[in-house]
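Peer 1: Next come the chains, spelled out residue by residue.
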Amino acid sequence: MDKRRAQLLEDFDLLENWEEKYDYLIELGFDLAEMPQVLKTEENLVKGCQSSVWFDIRCENGKINFDADSDSLIVKGIVAIVDYLYNGQSAEDVLKADLSIFEELGLWQHLSSQRGNGLMAMLAHLKKAATDCLSQ
Amino acid sequence: MARDILSARQDFPILDIQVNERPLVYLDNAATTQKPQVVIDTLRDYYTRYNANIHRGNYAIAYEATEAYEKARAKVASYINAEHKHEIIFTRGTTESINLVAYSFGERFVGEGDEIIVTQLEHHSNYVPWKLLCERKKAKFQVVPFDENGDLDLEVYKSLLNEKTRVVAVNHVSNSLGTINPVKEIIQLAHDAGAVVLVDAAQAVQHIEHDVQALDADFYAFSGHKMYGPMGVGVLYGKEKWLDAMPPFLSGGEMISNVTPEKISFNVLPYKFEAGTPNVPGPIGLAAAIDYLQEFDEQELRAYEDTLLNYGIGKLKEIPGLTLYGNPKQRSSILPFNIEGIQHFDLGVLFDARGVAVRTGQHCTQPIMDALKVPGFVRASLALYSNRDDIDALVESIQRAIKMLKGAKKHG
Numbered sequence: 355m356d357k358r359r360a361q362l363l364e365d366f367d368l369l370e371n372w373e374e375k376y377d378y379l380i381e382l383g384f385d386l387a388e389m390p391q392v393l394k395t396e397e398n399l400v401k402g403c404q405s406s407v408w409f410d411i412r413c414e415n416g417k418i419n420f421d422a423d424s425d426s427l428i429v430k431g432i433v434a435i436v437d438y439l440y441n442g443q444s445a446e447d448v449l450k451a452d453l454s455i456f457e458e459l460g461l462w463q464h465l466s467s468q469r470g471n472g473l474m475a476m477l478a479h480l481k482k483a484a485t486d487c488l489s490q
Numbered sequence: 253m254a255r256d257i258l259s260a261r262q263d264f265p266i267l268d269i270q271v272n273e274r275p276l277v278y279l280d281n282a283a284t285t286q287k288p289q290v291v292i293d294t295l296r297d298y299y300t301r302y303n304a305n306i307h308r309g310n311y312a313i314a315y316e317a318t319e320a321y322e323k324a325r326a327k328v329a330s331y332i333n334a335e336h337k338h339e340i341i342f343t344r345g346t347t348e349s350i351n352l353v354a355y356s357f358g359e360r361f362v363g364e365g366d367e368i369i370v371t372q373l374e375h376h377s378n379y380v381p382w383k384l385l386c387e388r389k390k391a392k393f394q395v396v397p398f399d400e401n402g403d404l405d406l407e408v409y410k411s412l413l414n415e416k417t418r419v420v421a422v423n424h425v426s427n428s429l430g431t432i433n434p435v436k437e438i439i440q441l442a443h444d445a446g447a448v449v450l451v452d453a454a455q456a457v458q459h460i461e462h463d464v465q466a467l468d469a470d471f472y473a474f475s476g477h478k479m480y481g482p483m484g485v486g487v488l489y490g491k492e493k494w495l496d497a498m499p500p501f502l503s504g505g506e507m508i509s510n511v512t513p514e515k516i517s518f519n520v521l522p523y524k525f526e527a528g529t530p531n532v533p534g535p536i537g538l539a540a541a542i543d544y545l546q547e548f549d550e551q552e553l554r555a556y557e558d559t560l561l562n563y564g565i566g567k568l569k570e571i572p573g574l575t576l577y578g579n580p581k582q583r584s585s586i587l588p589f590n591i592e593g594i595q596h597f598d599l600g601v602l603f604d605a606r607g608v609a610v611r612t613g614q615h616c617t618q619p620i621m622d623a624l625k626v627p628g629f630v631r632a633s634l635a636l637y638s639n640r641d642d643i644d645a646l647v648e649s650i651q652r653a654i655k656m657l658k659g660a661k662k663h664g
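As given, the protein sequences belong to chains A and B, one line each in that order. Taking my numbering, the leading residue of the first sequence gets 355, the next gets one more, and so forth. Taking my numbering, the leading residue of the second sequence gets 253, the next gets one more, and so forth.
By construction, these hints were calculated from the structure, which means they are not laboratory data. Beta carbons are placed, not taken as given, at the ideal position from N, Cα and C, and that holds for glycine. It cannot be assumed that every hint is accurate.
EDC-like cross-link-like pairs, simulated, lysine to aspartate or glutamate; straight-line CA separation at most 20 Å [said to hold, decoys possible]: (1) B/Lys658 to A/Glu388; (2) B/Lys625 to A/Asp425; (3) B/Lys655 to A/Glu373; (4) B/Lys658 to A/Glu373; (5) A/Lys375 to B/Asp399; (6) A/Lys375 to B/Glu273; (7) B/Lys410 to B/Asp399; (8) B/Lys658 to A/Glu374; (9) B/Lys658 to A/Glu381; (10) B/Lys655 to A/Glu381.
Sample of chain A residues with no beta-carbon within 10 Å of chain B, all distances over it, derived [stated by the list, open to error]: (11) Leu368; (12) Asp425; (13) Asn441; (14) Glu446; (15) Phe456; (16) Glu457; (17) Glu458; (18) Ala478; (19) Leu488.
Take these sequences, add in the hints, and give me the full structure.
Peer 2: Laid out in structure tokens, this is it:
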């Protein structure tokens, strides 16, 4: 996970301005594995007032696996970062997850402080799933 | 001699800043307007020279603060042509003004089986307080819908009015669609049915007519910060006969005349409704904003804002895939839109990367979003310092965002 963090930081460092950063986020979003339509249920919806995120989280052999998508391409890019860092990781590691990477990427102020993009809610969902996974 | 409107821009220091290494293009004026230097200086002067609590200190700076505060009340009364200056109540903003009426007028004059009419074009702040009042009092909550152009359906309105209607609450200008509602006619019809009318003028008082006597409004609410004044000050105008008959909203200091364990008697208007230490510099700053606005010729200002709005409408309509919401008979200062296949939040974020500030989302008007069947939209809104360069920067940002978001789709 640390290697992946470092990779992300290195990639973002090459981007010169906000437009390039968002462009990169959008590209990351497009590389995210497509979420099967059947998983986009009301139950899996993390509703924000500006954009929606669907999260289907599963505990498999002590690991957290998930499919996710968003109707916002920029939020989908954020989802892709969460996916890159945490999908398939052990429940223990997911429990230790924090959002400091978004601060380090310089995205915190621009995205996370806004109501409704669901980043905080996304993390809460992941951690809850990880807690449930460990107590099974 | 009125000032040239194009010279206004130089009075707003914030318009010179850079955002994300680009000049700020501020198009979120319906959320709040920027402040001219004279308002900033007025607040600074208050805190630097004569900050004191008002109506009680018997010393020089308290006299000065009290005088400035009460002069501000007179200034506001004259700006909206209220008959008496004690009909002006200072509040925190439009929301508090409306809540004051919903609670206080509602307490005294609304009962079980009575009816209250709002419209589908209302901001939540002129919708929710009335809905909650209806729930408390077991009164009926009625909503006037708008048509495909974003104009209120007056036929439905007429059919809803009856002898049980106590209050009609309507905005003069919709904060989402910019529709200018025919409030004069709405008020006349309500009065014929024996109902009182509260006008939410938050998006109107700085742009269009603002004469409460000409409108014959019973209550008229607006915010200082949307009309170039400071944050945290609002106004409630109410006709004397209603304010006199209403019980106090908040209680405490200032609003009483006599307090004994047996009996409390209330202060006279407007103090009955201004419990506690008020926001003293707020109204003083608002008065400075009104003075500032009055440096310009009002008709010229309206014509300028209308021309700019129409320029914006024309430019936006040229963009393929863009939907401009509403086509009301009369519109003020607001450009609501979406781009086909693009989420409004993404547009807002990408505009910001180019220094363009707009609002995206539901604009506190979920009933409007439900009627239009959209999750939200982008709203660009104008002020007196807005110009064609702002619109052109917006259009350029839209084109750029379309390229980035749709280009990514092709690439992906």
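Peer 1: Each hint: holds or not?
Peer 2: Comparing the hints with the structure gives:
1. B/Lys658 to A/Glu388: holds, 18 Å
2. B/Lys625 to A/Asp425: Answer holds: B/Lys625 to A/Asp425 is near 16 Å, not above 20 Å.
3. B/Lys655 to A/Glu373: With a Cα-Cα distance of about 12 Å, the restraint between B/Lys655 and A/Glu373 holds, given a limit of 20 Å.
4. B/Lys658 to A/Glu373: holds, 15 Å
5. A/Lys375 to B/Asp399: violated, 41 Å
6. A/Lys375 to B/Glu273: holds, 14 Å
7. B/Lys410 to B/Asp399: Distance ~15 Å between B/Lys410 and B/Asp399 Cα, so the pair holds.
8. B/Lys658 to A/Glu374: holds, 15 Å
9. B/Lys658 to A/Glu381: holds, 11 Å
10. B/Lys655 to A/Glu381: OK: B/Lys655 and A/Glu381 at ~13 Å, within 20 Å.
11. Leu368: About 17 Å separates A/Leu368 from the closest Cβ of chain B, which puts it past 10 Å; holds.
12. Asp425: Since the minimum Cβ distance to chain B is about 5 Å, A/Asp425 lies within 10 Å and the statement is violated.
13. Asn441: A/Asn441 is indeed farther than 10 Å from all Cβ atoms of chain B, at 19 Å.
14. Glu446: holds, 33 Å
15. Phe456: A/Phe456 is indeed farther than 10 Å from all Cβ atoms of chain B, at 14 Å.
16. Glu457: A/Glu457 is indeed farther than 10 Å from all Cβ atoms of chain B, at 17 Å.
17. Glu458: holds, 19 Å
18. Ala478: holds, 20 Å
19. Leu488: holds, 34 Å
Of the hints listed earlier, those the structure fails to meet are numbers 5, 12, in rising order.
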